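First residue of the sequence shown: 1, per UniProt numbering; consecutive thereafter.
None of these hints come from the bench; they were simulated from the model.
All values reported here derive from a predicted model rather than from experimental measurement.
Each hint should be verified, as a subset may be incorrect.
Said to hold, decoys possible - Each computed EDC-like pair below joins lysine to aspartate or glutamate, with the alpha-carbon atoms no more than 20 angstroms apart:
id, residue 1, residue 2
1, K551, D596
2, K570, E513
3, K215, D196
4, K246, E206
5, K81, D26
6, K646, D619
7, K325, E285
8, K778, D759
9, K789, D759
10, K754, E513
11, K215, E235
12, K317, D299
13, K781, E818
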Amino acid sequence: MSALRNGATNGANGASAVPVSKRFSDIPAAIDVPVQGEADDEAVEIDLLELFDDPTELCTLFENERAARTYWMTVSLAYAKQKKIDHAIEMLVRGGNAMRDNNPREKLSMIGCLCWMYLWKSREAPRLPPDGELASEAKTKEFYLQQATTTLNDASRINPAYPPLFLARGVLQLLRASLQTPKATGPGQVDNEKADLLRSALKAFEDAIRVSGGKNMLAVMGKARTFFSLGKYPESLACYQEVLQKMPDFVDPDPRIGIGCCFWQLGFKDDAKQAWERCLEINPEHKVANVLVGLYYLDASGHMPTNSPEFLRLYKKAMTEYTQKSFKLDKNMPLTCSTFASYFLSRRQLATVDTLAHKAIQYTDVNAIASDGWYLLARKEHYSDEPDRAGDFYRRADDARGGSERGYLPAKFGAAQLAVLRGDLGEAKLRLEKIIQLSKNHEAMILLGTLYAEEVFANQDSDGKEDKTAEMKKAIGLLEGVRGAWRDPKKNLSPDAAVLLNLARLYEIDMPEKAQQCLLQVEQLELDQIPDEEHPTDLEDEVEKRAALRKFLPPQLLNNIGCFYSQAEKQELASEMFEAALGACMKIGEKDSEVDTDALVTTISFNLGRSYESRGLLDEAVEVYEGLLKRHDDYTDARTRLAYIKLRKSPNKEGPDSVAKLYQENPQDLEVRALYGWYMGKVHSRKRPSNIAEDHEFRHYKHTLQNYDKHDRYALVGMGNLYLHQAREMRRESDSDKSKRSNTYSKAVEFFEKALSLDPKNAYAAQGIAIALVEDKKDYKTALGIFVKIKDTIRDSHVFVNLGHIYAELRQWSKAIENYEIALSKDGKANDPVILACLGRTWLNKGRSERDLEAYRHSLEFAKKALEAAPEQVHYKFNVAFVQIQMATTVYALNENQRTLAQLQDAAAGLESAISALDEIAGHPQTPYPKHDVEQRANMARNTQRKQLERAMTSQKEYEEKNKEKLQAALEQRQAELRRREEERQKALEKERERQDIIRREREAIAAKDREMAERRAQEEKERQAAEMTTDEETGEKVKRKKKVSARGDGEGRPKKGSRKKKADTDGEESGEERPTKKKRRLTKKETTANSKYKSAEIVVDSSDDDGDEDALERAERAMEKASSPLSEIEDKGGDDEDRMEVDGKEDDDDDDDGGVSRRQQSSRSRRGRVIESDEEDEDDEDDEGPSKNGAGGHSDDEDGDQARPAADISMADDDED
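Construct the complete structure from the given sequences, taking the supplied hints into account.
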């Protein structure tokens, strides 16, 4: 290779020079045109650096002097070099006309050059006619392509086999294919018309390559570009790499641009950036490389949160450092214009957007860039409230990429947004569903899910009866799909608070736990956005820090979270949230005093008071309510809560007065009327009149429905409950009584159904219907379904008591007991005698059905607890006595082997207690049963059961004494079995401990052996290095011992090239004075011996005539001869450094004294990296070679196992070579 490249001096071996463009390098600075005159050698000098602006004078001169073809073409190319393509075309056209009479083959090159000029103009011409210009007169891309086609046809008629025409024809077909409007084919497919043009272009490029014998790199570039247009990116990459491999100095056009684009399409974006940055190293003014690197950083910024410093750094670098530079280099470059237009669109500089977008559309020959231009215009009109124009531009942007199933997703999404703005939600949903079917686009999923959610919310707000279950399911499915995508680290999506808030509203009624989770996630998002300078520095506890930061959050969010905590009966957390919300309101007021937060403060304060009430902090609640009334004395809700608290504190005087006063001042307020009705029900609960029309509570609810609101749900449910109570107390002896009772239940159900029709979620009305079904129709299964549904809504003990009743009626004792115990665990119900009595009754029935003494014991326990809770109630005392009698009866009925003497004695004691209790109950003025029946039961227990238990105890005692020895033997046998099992377990543990000790000792021995071997190897290595060193006779310094060349073995073939001269070692002094030119390499083949450790027989050697310290070929041959030329162990070890193959060396390493033979084998196919031999393959070779492995051709594992090997560059190795 020459040391001069286009006039620039290369560095040493050409390694440090930067390739430059050779385009127009053969155009001289001036030419001498011979003219007719007196002197034969007279000529006119034409300065090609300062040509005339009008070539007419030059054309006339050439025509008059009958200038040769070369002069016409040289001046034309000089104009083209100065970017004056129109003048170049004029020169070629007039030159062709002037040479019309000449041999047609002579003007063939001029016609070919004219074709290329037309192709050049086509790249710079607009796609569409400028505004106000006729399409027939406009010189668009299509116009110049037609001119190029005509010119190419003229040249083909002269000589169709003219080699340059193949390349021109391929480029022409490529440009025609780029102007084809995409058809509505499937995603990722090329429509047939464009594919036909591309196949024609590919054939033309292959013909050009074939004719040139594979040397036409421009044709290979064209082939790569064709593959890229066909979507065959691996094939395209291979072609670009072939160009770069064969011509590393080929930079205009630069194949590195194509390599980067292929890497980008294949997903290797970092590799693409490296290729483009290398292009910029060669030519920093490369406009395409600048904008492509800018797009890389722009894409990288899209994966960062917009509020992060990294986003700002990447975005600024993309725009100011690369895109802006590209724009300064060429203000009409379409890709740069579209990129810059998107930046100005974000800045709302719409006039600039319009200019740049039109440039991108006019001058591009890539449909995707035209689509981007139309899209930018659509967004600009969208922002300008011009929906019609925006819709037209969105359509054009979509069509430019194929439309239908292909098209441009952002344009489709923009059209859907316009449909939403127009209120055409049907069209919007249809468009969005098509987008989601094609790509699962998350923005489309968010918008479609939001539209469905808004339908649900609108129906809820209007109290509509339309069923929106399907819309709710679709909304939840879409929004949850987006939420799930956030958790995928590969997608790198940022959570959106709007999605979570919509999900929380959708979950609010049916799934409050999920709604709360969504709000908590929003809270975390808000906390993450708080700047670091706002974080408290004096707090270390994370909980305290979080509480301190909540004052920067939206108070509405904190209030809603508190409401969900309150609904979940987590009142302390609810109070914390409400207090934090009030703090956030104060923070807003501090930042902007003009913001009115009074409504927020009022609502949140009321919620805080309710949470204090639920926690039993009545004094704090009163303080909050009174503070509200000081600011708003007409706040009825606060007054209502205060009246209720006073009623609870003093139910006899102050409380009733407060309720009465509140009712008198606000008789029209339905909440106040509801409180007053509840109060009346509590006051008159024990003195209900037989005629329901005379009941004060009934008349109050009736008055509310008749005069204030006939749809008041509280009054309707209250009326239904009163009818239930009346039906429950009615007589049922005769059929007439039963009919009247059933009619009353029916009236109750009517009121409950009316309430449900107004509020389908009213759990209290549903509960009333379930009670009526049980008491009137005995329909337990239907009622059970209702109770199960409402138990999570009505968090009250009554629901679980009713469930227990139903399960007891269905004889499902365990479930009945479970629900009674849940009811007992509710606040204030731990000692409720009714629930305790129900538990005792259920355990008793369970014991009866299963003949289980343990169940009887539980029954007696709960009966006694009920009596302790209400000792004045006679029927609880009767229940205890009844259970004791039933237990005595059951124990007596058991066989002798099923009971014990102690159980009989306990039953007898209980029986005595029951007899005493029944005697006391019989003497009570209000017995639960007729007095005669109670006395008769006591007499039966005294006279019959007592004697039965006495006889049973006697027989049980005899039975147990008789079988005492058997029982003792069985007990001893059982204990012996347990002891035997424990001994076996201990033996197994001991064996395991011994095994572990053996393993530990073996491991310690192996570790000690390894340490000993490592020390021995280190010592041997030290001795080997010492043996390699000797004393230099001239300097007296320690230097490495030089190795003598061994004689060749018998029968060894001679190398094809003779040995080279040796060059004395000059300590590198001459290298600084004279740098040799870069060496050429020649590939030779040599058969290896059987013992060679190297698999490859191809050796890259240096073909330079310069003398070296030792010829590379000779070193390689000597390495293969070691098997037949034994050396000392020291020489064998010392030679390892010289004979080892370099796998990661640089170009200049060929001249090093100790440089090894390069392992980079030139391959006929395109490769992304070098191949190295794996250790496993070396081990296989060692096994095959056996004892001879330690000969001259290789080393044992002990010798080179610890030696550092050069790192192999496998960063771009092919998959099949990994």
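Pair hint K781 and E818, alpha-carbon separation not exceeding 20 angstroms = holds (18 angstroms)
Are the Cα positions of K246 and E206 separated by 20 angstroms at most?
-> holds (17 angstroms)
Given the proposed pairing of K570 with E513, does the C-alpha separation stay at or below 20 angstroms?
-> holds (12 angstroms)
Would you check the hint for K754 and E513, treating anything up to 20 angstroms between C-alpha atoms as holding?
-> Answer violated: K754 to E513 is near 30 angstroms, above 20 angstroms.
Given the hint that K646 pairs with D619, test it: the Cα-Cα distance must not exceed 20 angstroms.
-> holds (11 angstroms)
Is the straight-line distance between the alpha-carbon of K215 and that of E235 20 angstroms or less?
-> With Cα atoms ~18 angstroms apart, K215 and E235 stay inside 20 angstroms; holds.
Below or equal to 20 angstroms on CA atoms is what counts here, so check K789 against D759.
-> Holds, because 15 angstroms separates the two Cα atoms, which is no more than 20 angstroms.
Sort out whether D196 lies within 20 angstroms of K215, counting only the CA atoms.
-> violated (26 angstroms)
Is the hinted pair K551 and D596 satisfied, with a Cα-Cα distance of at most 20 angstroms?
-> Status holds; Cα separation ~17 angstroms.
Distance restraint between K317 and D299, which requires alpha-carbon spacing of 20 angstroms or less | holds (12 angstroms)
Holds or violated: K325 to E285, with C-alpha atoms at most 20 angstroms apart | holds (8 angstroms)
Decide if the proposed pair is consistent with the structure: K81 and D26, CA atoms, cutoff 20 angstroms inclusive.
-> Satisfied, since the Cα-Cα distance of roughly 11 angstroms is no more than 20 angstroms.
In this structure, the hints that do not hold are numbers 3, 8 and 10, in rising order.
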